[in-house]
Amino acid sequence: MILSGKQIKDSLGKDIVIEPFNEKQINPNSYNLKLHNELLVYDEEVLDMKKPNKTKKLIIPEEGIVLEPRKLYLGRTLEYTETDKYVPMLEGRSSIGRLGVFIHVTAGFGDVGFKGYWTLEIFCVEPIRIYSGVEICQIYYHDVGGDYEKYSSGKYQNNKGIQPSLLYKDFIN
Amino acid sequence: MILSGKQIKDSLGKDIVIEPFNEKQINPNSYNLKLHNELLVYDEEVLDMKKPNKTKKLIIPEEGIVLEPRKLYLGRTLEYTETDKYVPMLEGRSSIGRLGVFIHVTAGFGDVGFKGYWTLEIFCVEPIRIYSGVEICQIYYHDVGGDYEKYSSGKYQNNKGIQPSLLYKDFIN
Amino acid sequence: MILSGKQIKDSLGKDIVIEPFNEKQINPNSYNLKLHNELLVYDEEVLDMKKPNKTKKLIIPEEGIVLEPRKLYLGRTLEYTETDKYVPMLEGRSSIGRLGVFIHVTAGFGDVGFKGYWTLEIFCVEPIRIYSGVEICQIYYHDVGGDYEKYSSGKYQNNKGIQPSLLYKDFIN
Chain Y
680 MILSGKQIKD SLGKDIVIEP FNEKQINPNS YNLKLHNELL VYDEEVLDMK
730 KPNKTKKLII PEEGIVLEPR KLYLGRTLEY TETDKYVPML EGRSSIGRLG
780 VFIHVTAGFG DVGFKGYWTL EIFCVEPIRI YSGVEICQIY YHDVGGDYEK
830 YSSGKYQNNK GIQPSLLYKD FIN
Chain V
680 MILSGKQIKD SLGKDIVIEP FNEKQINPNS YNLKLHNELL VYDEEVLDMK
730 KPNKTKKLII PEEGIVLEPR KLYLGRTLEY TETDKYVPML EGRSSIGRLG
780 VFIHVTAGFG DVGFKGYWTL EIFCVEPIRI YSGVEICQIY YHDVGGDYEK
830 YSSGKYQNNK GIQPSLLYKD FIN
Chain C
680 MILSGKQIKD SLGKDIVIEP FNEKQINPNS YNLKLHNELL VYDEEVLDMK
730 KPNKTKKLII PEEGIVLEPR KLYLGRTLEY TETDKYVPML EGRSSIGRLG
780 VFIHVTAGFG DVGFKGYWTL EIFCVEPIRI YSGVEICQIY YHDVGGDYEK
830 YSSGKYQNNK GIQPSLLYKD FIN
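Residue numbers (the numbering used here), protein chains in the order written: chain Y, 680 to 852; chain V, 680 to 852; chain C, 680 to 852.
These are calculated hints, taken from the structure and not from any lab test. There could be a bad hint or two in this list.
Copies of the same chain look alike in the list, so a pair counts if it fits in one copy or across any two.
[Said to hold, decoys possible] List time: in silico PhoX-like cross-link candidates among lysine-lysine, alpha-carbon distance up to 25 Å:
1) K848 x K703
2) K730 x K750
3) K685 x K834
4) K713 x K693
5) K703 x K829
6) K735 x K713
7) K848 x K713
Keep in mind the model is a prediction, meaning the values are calculated, not measured.
Next comes chain Y alone, as it looks inside the complex:
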């Protein structure tokens, strides 16, 4: 079962936190989230799963920034979210997808109990000028069956902003 927009609103302050929240961003069965003006790009010739890959920070200026196709841009949602009792999921908006802009790289699936900003994996098919503050994606919620253990991984929980991959930690222990 996917929560309706009305149910998302009714759950605020109980099982769901979205801050800041704006009624205009409610959809029939989801809620739109905005793009923050910070981006991270990797600074490596070849990335490596086993290493903490170097990154550089970019700020999206008022007049926007042009994204290049063969580059991954890590962004984040303006909104901070917390979710209990439901599985939060992120997907792009069709208006964004129709411009060939991916907002995640097969990684829109969340965990019940996750707290923080959502890091976005942005990739474009054709060069495109984007702007911070745009409603770039939507969050939606599934009910979860049976009892569960909340998300508590040391990697991305309670994050304060964009986080590059911490996959290399899997190879250490």
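With chain Y held as given, fit chains V and C onto it using these hints.
Same frame as chain Y, but now just chains V and C:
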């Protein structure tokens, strides 16, 4: 809860409309949709979220058309659909994905109440010859929790064919 | 409704088979699957939906392999799975997506009744060195509504390993 193929069939003419409909396209828990022969491509050096980007129309001929990797092709489903009471979602088929052809750009998430053809955001990893009429994707349905307001956005509701992004309208009001 | 990690564990040997299974790979509402060391790449200038496209096999060596951006790599899960009563779905992990590595090409949607290894459609935004055995994706489960007919397609059921696209068969009958 995802509707089974049988339930999709039982809901036809009530909460679900798929036209044309063919029993052979029913799967265990989804229904296959076909590719129309029209495509739109953008006609811009650099796309811009704040502008109505120019497009050109292509027709897929009988012998098929070769898609190029660094190009976004907007297509559409042959079928017209309407959905009430459930959240409709679109995903590719594994036979299509195994050829490296994306059918949406993180935008397979629908809205309860949506009426129209589905615009497909087609992008290929390697050059590939595709054909119109192929069963290119599948529609599936989730139940929605609680009462809801049906999709009624002025952008894509009751569309008559492929629609490029109308994101620029977000920046006007 | 999405199964919690605990429910996935409780369903093992009944409606869900995951072999091999390791408790450490359970998440709040999914289970992580590992990457086998075999890859297939297509050996064609231009792929064609109507033809059985030629492929070449690669083995990921101990020191890993560098993936190139404009290439599709078909891999597979180490684990064999069977699912009844639920719809199995595959999605990447955020640690993998944050490195720009797709693990499916809009094809993460499964069928109730599917038995076999999952073929992965791997595509990277930037060049990256990957390693076999890494926890590359996660499987999660939705309940299915009403009675259903289990997946029994001749194409990918009971597979023994990576399978390239068999789409051309759709054009034969």
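Now for the hints, and whether the structure bears them out:
For the homomeric pair K848 and K703, the shortest alpha-carbon distance between copies (15 Å) is at most 25 Å, but the shortest distance inside one copy (40 Å) is not. With identical chains, the CA atoms of K730 and K750 are at most 25 Å apart both within one copy (19 Å) and between copies (23 Å). In the homo-oligomer, the alpha carbons of K685 and K834 lie at most 25 Å apart only across protomers (21 Å), although the nearest pairing inside one protomer, at 32 Å, exceeds that limit. Taking CA atoms no more than 25 Å apart as the test, K713 paired with K693 passes inside one copy only; the shortest distance there is 22 Å, against 36 Å between copies.
When the C-alpha separation of K703 and K829 is checked against a cutoff of 25 Å, the pair qualifies only between copies, where the shortest distance is 15 Å, while the shortest distance within a copy is 30 Å. Within a single copy, K735 and K713 get their C-alpha atoms as close as 22 Å, which meets the 25 Å cut-off; across copies the closest is 30 Å, which misses it. Within a single copy, K848 and K713 get their C-alpha atoms only as close as 30 Å, which misses the 25 Å cut-off; across copies the closest is 16 Å, which meets it.
The structure is consistent with each of the numbered hints, conforming to all of them.
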